[in-house]
Amino acid sequence: MSALLESLEIHPLRDDLYNELHSRPFQVIPSPARVTHIAVLTTPEQRQQQFEHLQLLSRQMGCPVPEQEVGCFEQTFGTLRVRREMHMEFASYTFINLTASDSEPFADTGITPLPEGWLAQLPGTVVAAFHLDILPAEYGVNGDPEDIRQHFEGLRLVGSSPKEGAAKVWSTFRLHKDGFGRFMVVNHNMSDSQLGRLTQRLMEIETYRLMSLLALPVARKISPTLNEMDQKLAIITQALADEHDVDEQTLLAQLTNIAARIEAFRATATFRFSATRAYHRLVLTRLEELREDELSGHLTLTEFMTRRLTPAVKTCEAVSERLEDLSRRVDRASDMMRTRVELAIQSQNQQLLSSMDRRSKIQLMMQHTVEGFSVVAITYYLIGLLKLVLDSVYEAGIIFNKTLTLGIAIPATLALVYLSIRFVHHHFIRMAKRQ
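FYI, the numbering for the sequence shown is 42 to 476, going by our numbering.
It is worth saying that the hints were derived from the structure and are not from the lab. There's no promise every hint is true.
Claimed, not checked - Each pair of labels, with its calculated beta carbon distance range:
no., residue 1, residue 2, range
1, Q392, E130, 51 to 61 Å
2, Q387, E130, 44 to 54 Å
3, T266, S144, 50 to 60 Å
4, G220, E145, 10 to 20 Å
5, Q109, W159, 17 to 27 Å
6, R100, E47, 38 to 48 Å
7, M406, E304, 55 to 65 Å
8, R261, I51, 45 to 55 Å
Note that CB positions come from ideal geometry on N, CA and C, so glycine has one too.
Construct the complete structure from the given sequences, taking the supplied hints into account.
What follows is the structure, encoded as structure tokens:
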């Protein structure tokens, strides 16, 4: 590092960011060559198992054993070149048999030089597995497509001439008796580097095509259930729209059940549908890079993918959009149900408040009545006490008219008690207003 950069703060991922663009370089493939490409779905636990399995291959082939796993591993074992690339959810293995052979196409493959039993022990779930036979035009395979078809077990061919006729590509996009798919590349005037890029694009097209179709069984599986939930939701929404008496508890339970099932589907299918869209875009990009010319009487790879793959992807996208739309509709129906319940609760609360207000008025009237009775009762007891006092004073020798004094005291006591109770009553009212 230069002295100028040493004084600057360097991002810790700077080197990784530079190396990322060169982590998966195009291969240089001569012709003839026999290539086999295998893509396997990989769990985090299986990644380490696959790396250990790759180390076993190096030991069996008598070559240096890799010590650290990398995103793209490539090693040549004599005439066999092995390349392993790690992707988000799968790992791809490319085996290139560089041995020049005059045997029939697909008689020898990229996995022919592998040690016996090694491939059978490869951890993971195979999604894509196909052979590519790369032959120069002088090998005599540049003739009638009927001669080509015999190497594909008589199946219908899909072919094109990419790179403005620099090569011809043939395939059936079907599995053959050995369980592998097949591609044949007839090289006219491509360099080894160009041939490597073409082969890489073909492998990616086939692999991403199959990866994009993983969501189709999921879409077909959940589609009938979505139809059922859609009908139930329509019935619930109509019941809410008719404004008839409905059982809110039952409808709310049904909505909750539908919402839970939708979220379960989203949890299992959303990633798969998103991955399908991403893989499909990669397929279309790789097809554009081929720059195909049509071979008379045969669909090109682009035409075949457009007619066969795109409808399947559109089906997955339609189910994904329907799932999201159904989720939004359930949310709106739930909002309507909650609004209906809240209005009912508010109505009940209003009735309860009105009832409480009536009870308060009755209690207030009763309180006033009781206050009137209490004035009389308190006056009665006070007059009784006053009579005892007057009797005591009279017996002490002070002569006065007890009857007249008691008669005058009764209305005065009554007025005094009444005013005292009213004063206390107004005092409490003022306290309530201040709060």
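Hints, verified against the model:
1. Q392 <-> E130: 51 to 61 Å: holds (59 Å)
2. Q387 <-> E130: 44 to 54 Å: holds (51 Å)
3. T266 <-> S144: 50 to 60 Å: holds (52 Å)
4. G220 <-> E145: 10 to 20 Å: holds (19 Å)
5. Q109 <-> W159: 17 to 27 Å: For Q109 and W159 the Cβ distance comes to about 21 Å; the hint holds.
6. R100 <-> E47: 38 to 48 Å: Check passed, 43 Å falls within 38 to 48 Å.
7. M406 <-> E304: 55 to 65 Å: holds (57 Å)
8. R261 <-> I51: 45 to 55 Å: Cβ of R261 to Cβ of I51: about 51 Å, so the range 45 to 55 Å holds.
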